[in-house]
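*Asks:* Take a look at the letters that make up each chain.
There are 2 protein chains.
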Amino acid sequence: MVEATTLPRNEDGIACVLGVLKQQFGERFQTGAAIREQHGHTTTWIENQPPDAVVFAQSTQDVSDIVKVCAAHKVPIIPFGTGTSLEGNVNAPAGGISIDLSQMNAVVEVNAGDLDCRVQPGVTRMALNTHLRDQGLFFPIDPGADASIGGMAATRASGTNAVRYGTMKDNVLSVEAVMADGKIIRTASRARKSSAGYDLTRLMVGSEGTLAVITEVTLRLQGIPEAISAARCSYPSVEAACQTVMAVIQYGLPVARIELLDAMVVKAVNSYSKLTLPETPLLLLEFHGSDASVAEQAEVFGTLSEEFGGIGYAVTTTAEERNKLWQARHDAYWAMLTLRPGCKAVATDVCVPISSLAEAVVASSRKAAELDLVVPIVGHAGDGNFHATPLVDMENADELERAKMFVSWLNDLAISMDGTCTGEHGIGQGKRPYLLKELGGAVDIMQSIKTALDPDNIMNPGKIVGD
Amino acid sequence: MVEATTLPRNEDGIACVLGVLKQQFGERFQTGAAIREQHGHTTTWIENQPPDAVVFAQSTQDVSDIVKVCAAHKVPIIPFGTGTSLEGNVNAPAGGISIDLSQMNAVVEVNAGDLDCRVQPGVTRMALNTHLRDQGLFFPIDPGADASIGGMAATRASGTNAVRYGTMKDNVLSVEAVMADGKIIRTASRARKSSAGYDLTRLMVGSEGTLAVITEVTLRLQGIPEAISAARCSYPSVEAACQTVMAVIQYGLPVARIELLDAMVVKAVNSYSKLTLPETPLLLLEFHGSDASVAEQAEVFGTLSEEFGGIGYAVTTTAEERNKLWQARHDAYWAMLTLRPGCKAVATDVCVPISSLAEAVVASSRKAAELDLVVPIVGHAGDGNFHATPLVDMENADELERAKMFVSWLNDLAISMDGTCTGEHGIGQGKRPYLLKELGGAVDIMQSIKTALDPDNIMNPGKIVGD
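Keeping their order, the protein sequence lines are chains A and B. Numbering of the first sequence is given in this note's numbering, commencing with residue 1 and proceeding in unit increments. Numbering of the second sequence is given in this note's numbering, commencing with residue 1 and proceeding in unit increments.
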């Protein structure tokens, strides 16, 4: 494991808070070791720092009550959705109370006429889409994991559809949030656009629970397209695949998804998902629109792709075939793990200007080889965002050291290309040094905001900024 | 005129700063009455509060130097672009220094491959689009006026293209800004998406110079579409027109523009622009895409529109005819003024969920009639944003009073519909009471941020929040 920084614990405060919350929440207050560990960081290589207790909130008022108790005793709170974050975002480095929001899972209202809905933070994206399907609507953000909407908002998540539909920043209209003193605010109206003061919605989106607990989210929705088709195309090299992506973006082709899998991932996916894809770099695509527009998009893509040596371009229109392809993409994480059984998959998440994507991906594979690491690469290529994922034998200290070097090198590379160390996973604990490298003095401004809104540093301390 | 609140002046500080800046900036430091007035609020009915001096900045370092001098003496600074804001945003209620950014008008770089560019804040949107045209690119945000990009960012502007391309919040990738102590920060990298800490970019966009002076903007660009066509359609009633818009949005038709003009505006436009449009409510549209897609969009619109009684639907594909139609739309403000020569056009800017648009527009016309006011209405209907524009004889105290009642009633109506008092003009001085009504406790959070980043309240004081 990679050690996470521990922060000083306020033992007296914590003892007090545990007593009060136990009294107040009965069965919904839990301190068992297993449940506490499950609410610490459990993904990738950052060590687990469990909270002192978990409280299952059922309402905004519950959250406000918990925060008020914690505020009175200066005890940390850590909001928890599904625990799928990847940078230690839910760890409790100073102990404190994890507020589990999974029972706040109601879809409060769907305004089909306005293409929006209000949901509690514990609704997962799959549950939401199941709820919406009958009304011909869907919520497009798809980070892969069946994350909670609250968590996705807190992390500014995105995923495979972002190239067309944007990220959580673009699809959250408003949030209700509990501030560090327990006060409940709403950041915006339900209007599709507004110039009403500071954009608190966007400030909350991506703040990882360090400024407030998000207790309700108003989302923009989309109509389910009349037609959806998927396509795949293989390439002689990663450069050729990336150059195709660049041409697609420059052309303005409104692809809904354009995902890169390098040869190593294709191999893993073939084996894991029983497919027979050519084991060379692959682009997976999805087109949304009317029948005519989808057909036109597919044709234009074919033409663009040919210029860069695309091979075996195949468009699928049946839902079954399409789902099989995309299931393979979504299973890529599990498939990659089979490349080195028993190893840990270490998430990285750089995002670069698209003109630098080919260079960045190629350099990553070269660096991995230099360091004798196994590093499959998938990418939300249309955004310039890719995940190079070292598979690391955590028992091998030397390999672990080399993996750390790789991650550090990769983040530095992205920053040197005027890109970012995180396209969608957030800063959490793991990316803090890179945030500073990336944005320098702007981090002081973040710190000022943090201090202003959370003077006692009780809101998810040790994440993004603050001690 | 409507009186604007005056704030206490720091006379000693101002005297000091005038001396220092005069020394430092020579000819670029101006204190003539005409130039000072031109840098106060000159649009709509809010009174002019000129600054004590205007300094023409030519670089980020200039801006930083000016802010440092003002910070040392606790003297207000007010950033100025083109002065086209509508809510007293550039007034100087406590005096101070207007920083005119119009000479910082360089397009610093265009990254055609990444569909982005870096510009200084004084570049106007028309100048930018002229610069970009040869590369087949354009910047889609069009607020009507030839505003500066810095001002558009500061106001979170949008306009006719927002229904398809979003607002400034969606199209600014990053800003460079000078903070209240003169420090220069950059809010984000050039990556198309990022989860790197608090979204300072979106915090600066829409902050109206109250947190920082924007000294550079990185923008997302679009490829000029292969095909553009415009269309118009008349309706028996405003409801019918609004219902058509709602159907278009629900259908997911990717219209680039869909603008509502009520009968009164059509009449004015006919007279002003020498057109012969039927003098009933009108929708003006623009479709962007491939030849095939534009044709398909136009056809789908026709079908949707028929259901609501659309009459005289006409699609134009020649650039000349299209420009004539859109010129008429852009001239609507001047055309409206001819309805009551000598009167003042009072800007309003509510935005409601689209399902409430018909009700809101109809109620506005009814209320105007009740109050015996002349109130033409245009709307960025696809966003639920409309401008009901009382034409007011400012010499008539009773009429002025009725106009104030109308504006107040309208903002309250929008807020009661879960909409906003400002879709794109910002809060400035004029909308401050409504911001509080709209967002309640969230305004305290805005105030905390303001105080944290600008403890001496020197950054455009009296706007949005603060005293």
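FYI, nobody ran anything at the bench for these hints, they're computed from the structure. It cannot be assumed that every hint is accurate.
Unchecked claim - Here are the computed lysine-lysine pairs in the DSSO-like style, where the Cα-Cα straight-line distance is at most 27 angstroms:
1) K183(A) to K437(B)
2) K404(A) to K437(A)
3) K367(A) to K344(A)
4) K274(B) to K437(A)
5) K437(A) to K22(B)
6) K367(A) to K324(A)
7) K22(B) to K183(B)
8) K324(A) to K267(A)
9) K367(B) to K324(B)
10) K22(A) to K68(A)
11) K344(B) to K367(B)
12) K68(A) to K344(B)
*Asks:* Taking the hints in turn, state whether each one holds.
*Replies:* Status of each hint after checking the structure:
1. K183(A) to K437(B): Status holds; Cα separation ~17 angstroms.
2. K404(A) to K437(A): holds (17 angstroms)
3. K367(A) to K344(A): holds (19 angstroms)
4. K274(B) to K437(A): violated (59 angstroms)
5. K437(A) to K22(B): Between K437(A) and K22(B) the Cα gap is close to 38 angstroms, so the pair fails against 27 angstroms, i.e. violated.
6. K367(A) to K324(A): Roughly 32 angstroms between the alpha carbons, so the hint for K367(A) and K324(A) is violated.
7. K22(B) to K183(B): holds (22 angstroms)
8. K324(A) to K267(A): Holds - the C-alpha atoms of K267(A) and K324(A) are around 16 angstroms apart, at most 27 angstroms.
9. K367(B) to K324(B): violated (32 angstroms)
10. K22(A) to K68(A): holds (15 angstroms)
11. K344(B) to K367(B): holds (19 angstroms)
12. K68(A) to K344(B): Measuring from Cα to Cα gives roughly 51 angstroms; hence the hint is violated.
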